[in-house]
Structure formats: C-alpha cells, structure tokens
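**Q** Residue strings, one per chain:
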Amino acid sequence: MKGQGRGLQAYAALYLLFLYAPIILLPLFAFNSGTIIAFPLQGFTTNWFAQMWANTTLRTALTNSLIIAVSASILATCLGIFAARASTRFEFPGKGGMMGFILLPMVLPEIIVAMSLLVVLLGAGVQLSILTVIMGHVLICMPYAIAILSTAFSSLDKSLEEAAYDLGETKWSAFRLVTLPLVMPGIVSSLLISFTISLDEFIIAFFLAGNQPTLPTYIFSQLRFPKQIPMVMALGTVLVALSVVLLTLGEYFRRRGNARMGGNPTGGFL
Amino acid sequence: MTDDRKPMIECRGVHKHYGDYHALRGIDLTIRAGEFFSLLGPSGCGKTTLLRTIAGFEDISDGAILIDERRMEEVPANKRPTNMVFQSYAIFPHLTVAQNVAFGLRRDPRGKAEKAALVDDALAMVGLRGFGNRAAHALSGGQRQRVALARALILKPKVLLLDEPLSALDRKMREQMQVELIKLQRQVGITFVLVTHDQEEALVMSDRIAVMFEGEIAQLDGPEALYARPASRRVADFIGVMNFLPARILGETDGTVTAEVPGLGPVELPARQVSRANPDDDGPTIGFRPETMTLVGPTQTHSQPRETNATIDEVVYYGDMTYYDLRLDGAAAMDGKARPVRISMRNVFGRDVQEVGTRTRLAWSPGSLVLFR
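Top line first, the protein sequences correspond to chains R and A.
The opening residue of the first sequence carries number 7 in the numbering used here; numbering runs sequentially from there.
The opening residue of the second sequence carries number 31 in the numbering used here; numbering runs sequentially from there.
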C-alpha cells in the first residue's frame, strides 16, 4: 500500500512539473541577458521588456487582441444572459435541441468553425478585420458563457423576481434589483472565461483577421526569428502575470459575493 | 361569522386554461373584507393557480376577478392592492432584513427616517424587533417567514395572499406560526387568503374554507360546518378521517330520510344530515367521524340513544389518543363484506386502553351521522 501511495505521489509531482515548469521558465529567460534560450543563465537584464515595449507591431497586436477579447467577452456574456435566462425560466418548443446546438461549438473542432466562417465571410464579400475575429470569438465563447450562466440562473428561486414585481417594481427593475446582483458572480466568471478564451485564441484569429495581427498570431510569426525569442519570453511573462492577477481578482469577487449571499455558489469556475 | 362585511375579492366564472389543461373550471367565489379565507385541496386542484390569478401572476382565460369592487383584468400584479407571501418566502438573499422589508417602499415618496420607522414597526409586529441589520440569508425558516410577512404587510395591502406559507416549517414551528398568523390577521384586519393542502391548518386558521378538486370548488363553508357536514364523500374523505358504511334507503318524508345501515340498524336522518352530492356514485353511504362514537365497557353506563356490539380488530396507540378498528356485529349482512370502522378515544385518566379481540359496546347517536346519496 505504502509503495503504491509513493508511486502516485511521484506521478502527481511529475504531472505538475510538466504542467508548470515551462511556465516558470518564461520569466527566467525573460530576465536573462543571453539571446539563446539555454542554461546556464547569463546576466540579469530588463532589455527584453524595453524592446517589447518599443515594438510597434507588437503594440498593435496587443491592442487588437484586447479590443477583440473585451468585445467578444462582453457580447458573449450579454447574449449568454438572454439564453441562460430563457432556458432556465421558460418552456418553449424545441428548447432542448436549440440549447444543444448553441452549446455544440464547445466540442466542434475550431478549425472547422474557422474554415467554414472564412468561406462564408469571403463568399458574402465581408472585409476580414478584427470585427470578423470578434464574431468568430463570440461564437466559440458563447457555449462557455451559457454553461456558466445557466448554473447561476438555475440556482435562483423563480419567486424572487415575482416577489419584487409583487412589491411594486416593474419587470425590468425586478430583474435589475434582484436577479442581476444574484447572478453577478456568474456574469464575472463568464466575462473572465470568455476574455481568456478569446485572448489566446489562434486558429480563428489566424483565419479571420485578414492582415491584422493579434497577440497569438504575432507571437507565432516571431518564433521563426531566434533573435526575437527573448522578447517573446518577456511578453509571455507579462501575460502570465496578468492572468494570475485577473483570475485572483475574479475568484476574490466570487467568494466575497458568495459569502454575502450565504455561500450558495452560483456558476463559479474555480 | 357575520356576513354583512363588504366583498373584498369576487371571482365570477373564472376559467384558466394551460393549452389543453383546464386548471380552473368556473370559480365563483366572494371573499369578504377582513376574512381569513383558505383555499384547501390536494396538489393539482387549482388552488395555487387561483391564488396567482388573484395576485395577477396569471391571466385568466374567462370570467372576471374584482378586488375591492374594481375589475382586475387590466391591472398588473405590481399595481394590484395585494401582496403575497411565497411558499419559499422569496427573501432577497443579498439584502439585509431591513432592506428586504423596505423593498416595497422604494417608490414611496416618504422620507428616509419615516420609512425606517415603518420598517421598525413592521419588524416589531412580526416579532423581529432589532433584526434589521442581519443578513437575510442567515435567518432560520421561521424568521424568513416573518420577514416575508413584514415585507408584504408594510405596504398595507387590501389582501394578503399566502401560498402554503407553513409547509416548509417543522411541526412545532408550524403550530406556533398558525396561532401567530391568526393573531396577526386580527391585529391588522387585512383580508388573508391562504392556500394550503393541510386540512388541519385550514380548520385551525380560517373563517371560511373553499375545498377545491380538479379546478372546481367542491364546498365552501366555515370550518365546523365543513367538518361536521361535508357536502360529498370526497370532501369528507379529504378533511379528517371519516368512516363510510353502505346504507339502504327505506323511505323519505319531508326531507327526513330513513335508512337501514348494516351494523347500526335503522336510522332517521333530518334533511341537514343528508348530502345529495355523491359523485362517486357508490350508492347511499353513511359517514361518521371516529370521535363521534364511544367504546363503553360491559358494566359502564352511557347517555347515548343507541348502542351496537362490536369486536376490536386493531389498536393504535398515539399517546393522547387511541384508535380502535372495530368490526360491527352484522356489518357484513348486506353484501358479505366486512367493513372495519375506526373509533378514536381520548386517553383520559382512568380509562384503560382495550386489547385486540375484546368484545365491546359502541355507544352513538344518529345525530352524528351524515348520509351521502
């Protein structure tokens, strides 16, 4: 028994090492003054960050990616709220099939989505731009947004909105005053997940962005030039740091919200 | 109850269809101002639907609902002079107790201090003085119930609607809240309409009760009349326990019916003890409540006009009460079927619990019988 336990522990340790060691290497080489990504480390430098900051193409890519991720996450979450509320509050013909088809892109190979979208968009004569990427990203973020938001909505007592309405509020103000605050943790989770999905999405961005760079497509294009790799490492470091901050914030707000409402988790993902 | 109070709620031929499902089938009902009224029935009988149409959460398919002599068709729930206490209480978990109670005052033009005083009064009224700053989600079931009451009553509605308000509470708490609700209703004088499936609850609290089956009102009466003279076998069966024995009608003069009951013998029943609504179509049936007959020992005397010999088949001891299932001598004479009857005896000091198999006498009066025909 004991040996078996140790074996499983070693497995878990190796698994975590494989998962996180590469990420730990990012900051290591980002601050390494050598241009070659190899041990031993040479001197400490912040040059790569300065070089990254001065790179205008990278800044365009970053701006594009942020615009896309913010728009896509807000759009997907807003549309997700409609779908989640409809599916948890009302019965209508074809509901099961409809919800199934909306959630399907979660398991559909992204390359198929990207390819078919490209064909349709080109066929319709739509100019490829970050707008088309936003459309594609809303499509792939929606299933996640709806999954998270449905959990949040379905754990709500239907009587709550009715009670607010009964107490003199309008249907809209009842939603705003009662339902919205109660599903807010789910909304924050949905925004965060959608933002993260969109920010590092490659295939759709690569197919639909036209000549506009996004962060992932830019990074991919730079990997061909060994000289640029330390700068990419610096960029990766910044992104990891940002992700950690963002997820910590999200989880903090979710837990605070839960504590305030009596620890009834509604659609968190951590 | 005096019947001279003005009508507060009038339902006139109210129908409700959900697709093919006919949930309310012509409800005619007048509830008077200041009345504690109950809609009682099994689940699916339409009682909650009726309550929700009065509240305005459901449209009616046909008929009319008037509240305080005003037609309600065009009046949405948020403009009706009714407030509701929901089965789940629907306390807003993200707000404090005081914020919950003050929720309905959001559109009230009065000042902050005045509103705070109203909230304090409302909380005091339901016995939650000083609970204002508590988080609503941290309350117990009974406390939630009180907050829901305070939140609805602070708006001084003409009608308070209560949808199974006590079903989520444990037995002790429920009995306590029943008494408190009666007191509260007397104190505020508002018309209360209660939906419940619990006949005991309805009997305890109501001035009048409408018993509903399948979207129709089967009987509308005060608790005592409902219990003592149910209009049909079905109502009798739903409210409390009732024994049923087949009867043979021998004759009828001026509404007084003479019937032969196997085991009990011939009885004469005046019109008030005869119910002519017997949709179950089982033929004439005599009904009586378990507590209306008494077991008497061999040497014991009694003041009842009639007695019948019987054998004790089963004894169920409840502490304060004992239930006896009896076989009446001659009960099987009509069709060969033995029909045990249930008698309840209060376990007063000095009265022994009888044993199974004992031969005994049953003392009774024809005045406690009801004939369904």
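Just so you know, the hints here were simulated from the structure itself, not pulled from any lab data.
Because the structure is a prediction, the values reported are computed rather than measured.
We treat Cβ as the ideally placed atom computed from N, Cα and C, and that holds for glycine.
There could be a bad hint or two in this list.
[Said to hold, decoys possible] Derived coverage of chain A by chain R (criterion: at least 3 residues anywhere in the stretch with Cβ under 8 Å from a Cβ of chain R; other residues may be distant):
{"id": "1", "region": "124-134"}
{"id": "2", "region": "225-231"}
[Claimed, not checked] Here are the simulated DSSO-like cross-link-like pairs (lysine-lysine), alpha carbons at most 30 Å apart as the crow flies:
{"id": "3", "chain 1": "A", "residue 1": "K186", "chain 2": "R", "residue 2": "K164"}
{"id": "4", "chain 1": "R", "residue 1": "K164", "chain 2": "A", "residue 2": "K188"}
{"id": "5", "chain 1": "R", "residue 1": "K177", "chain 2": "A", "residue 2": "K186"}
**Q** Please check whether the region 225-231 of chain A has three or more residues whose CB lies within less than 8 Å of a CB on chain R.
**A** Check failed, 0 qualifying residues.
**Q** Does K164/R sit within 30 Å of K186/A, going by the straight-line distance between their CA atoms?
**A** Between K186/A and K164/R the Cα gap is close to 24 Å, so the pair holds against 30 Å.
**Q** Holds or violated: are the alpha carbons of K177/R and K186/A at most 30 Å from each other?
**A** Given that 30 Å is the threshold and the Cα spacing comes to 22 Å, the pair holds.
**Q** Taking beta carbons only, do three or more residues of the region 124-134 of chain A come closer than 8 Å to chain R?
**A** Holds, because 3 residues of the region 124-134 of chain A bring their Cβ atoms closer than 8 Å to Cβ atoms of chain R.
**Q** Starting from K164/R, check that the Cα of K188/A is at most 30 Å away, please.
**A** holds (25 Å)
Of the numbered hints listed earlier, the single one contradicted by the structure is hint 2.
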